[in-house]
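Line by line, the protein sequences are chains Z and W. Following this note's numbering, the numbering of the first sequence begins with 1221 at its first residue and continues without gaps. Following this note's numbering, the numbering of the second sequence begins with 1074 at its first residue and continues without gaps.
Hints are computed from structural coordinates only; laboratory data are not their basis. Since we're looking at a predicted model, the values are computed, not measured. Some clues are possibly wrong.
No more than 25 angstroms apart at the CA atoms, straight line, and that leaves these computed lysine to aspartate or glutamate pairs for DMTMM-like [unchecked claim]:
id, chain 1, residue 1, chain 2, residue 2
1, Z, K1301, W, E1158
2, W, K1088, W, E1176
3, W, K1084, Z, E1229
4, W, K1130, W, E1093
5, W, K1084, W, E1141
6, Z, K1301, Z, E1229
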Amino acid sequence: GQSLEQPSEVTAVEGAIVQINCTYQTSGFYGLSWYQQHDGGAPTFLSYNGLDGLEETGRFSSFLSRSDSYGYLLLQELQMKDSASYLCAVRSVTWSWGKLQFGAGTQVVVTP
Amino acid sequence: GAGVSQSPSNKVTEKGKDVELRCDPISGHTALYWYRQSLGQGLEFLIYFQGNSAPDKSGLPSDRFSAERTGGSVSTLTIQRTQQEDSAVYLCASSLGGGAGNEQFFGPGTRLTVL
Chain Z
1221 GQSLEQPSEV TAVEGAIVQI NCTYQTSGFY GLSWYQQHDG GAPTFLSYNG LDGLEETGRF
1281 SSFLSRSDSY GYLLLQELQM KDSASYLCAV RSVTWSWGKL QFGAGTQVVV TP
Chain W
1074 GAGVSQSPSN KVTEKGKDVE LRCDPISGHT ALYWYRQSLG QGLEFLIYFQ GNSAPDKSGL
1134 PSDRFSAERT GGSVSTLTIQ RTQQEDSAVY LCASSLGGGA GNEQFFGPGT RLTVL
């Protein structure tokens, strides 16, 4: 079957580093995306990993290991504005190109 | 426009009524998507359009749900005979194409409440 798992909540202090893991069981896995969603807001794209390894975009980095069916999003130098839900999403070659399957999201709470 | 827009932002309806939700994608985006998000849940894929055709309708929960897209632009999601379990935020997104890695740009959503 298809499944996507990520922790429900992570709490950290300002300035800290947080790693949000995402494990998947997806036939024909093609790639992993990350989106940020503030409370009551629309999801916004953060990163995409189509190949194994690390992708860095400013304070945020994303990693993928296909052999482990696992990826993570790393948030560095946490700021209060980073308090949000972070959603991982997978694509599969067995689906249409347009279909993304999203995880339930990880709520990151940043404290002073 | 500058971003994806959706209307209405909020819709309250009675069980059994039909509702129409509208999405205006970013100009030039050929791919359009509808998702549903229930309280505290992730996004549930509903349907994907490439141009005016829908290659993937696999996420529509029942035949009460339908969607169309005209002129390669505006899309309407229609829910007939609404049920209380249809209550959710309905999100629309668009992208330049439907290929892998193409960033999806989301609208603010329509919050549907079925009484």
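Check: Can you name, in rising order, the numbers of the hints this structure does not satisfy?
Finding: When the structure is compared with the hints, numbers 1, 2 and 3 turn out to be violated.
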